[in-house]
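Using the numbering used here, you'd call the opening residue of the sequence shown number 118 and step up by one each time.
Just so you know, these hints were derived from the structure itself, not from any lab. All of these numbers come straight from a predicted model, not from anything done at the bench. Backbone N, C-alpha and C define an ideal beta-carbon position, used for all residues, glycine too. Watch out, some of these pointers could steer you wrong.
Computed Cβ-Cβ distance ranges for the label pairs, DEER-style [to be verified]:
id: 1; residue 1: P137; residue 2: P239; range: 29 to 39 Å
id: 2; residue 1: R134; residue 2: H237; range: 35 to 45 Å
id: 3; residue 1: D218; residue 2: S131; range: 34 to 44 Å
id: 4; residue 1: R134; residue 2: R171; range: 14 to 24 Å
id: 5; residue 1: R230; residue 2: M119; range: 27 to 37 Å
id: 6; residue 1: R134; residue 2: E209; range: 33 to 43 Å
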Amino acid sequence: MMLAADIGGPIDFSPERRFPDTQHAVLLEGANLLIVGTRTGPNIGLNDVSAVARQHGMDLLLARFSGPVVKYDIYRCKDDQWFTGYQRAWFEGSFWFCPPDEVDQPFILAHRRGLQFSSHAPFPDARRFEAGLSLAGLTSTQWQEAA
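Working from the sequences, and respecting the hints, build out all of it.
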């Protein structure tokens, strides 16, 4: 899964060998982050996947491919809390997950050591935010062509 490679760190493509019920997921071991993809719409299946993550003490990143733009739902195990409807953006060498405009939720930095939550936007202005969303949507081939 390209998302796991973008975040970085050791990737376990078969976590089900060590953690029951994690088939069809990848695990970023250093981040203790389980990554799952689905084509279902918003808020469907949150209880099912969070139960698996909670059972193993892992945070969870659920990528939803149900519309024209990929949305991300993020489960924080230690608080037993979901953050839903996020978009991914690239800023200063890192991937950030940005909340929908109409909600008061944190910005989330995803990196090889885990998820970091911030109440402040990493972007200085709307223009840089839009540029970050565009860069996050590029494929690896498009990145190479832009370089």
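Broken hints, by number: 5
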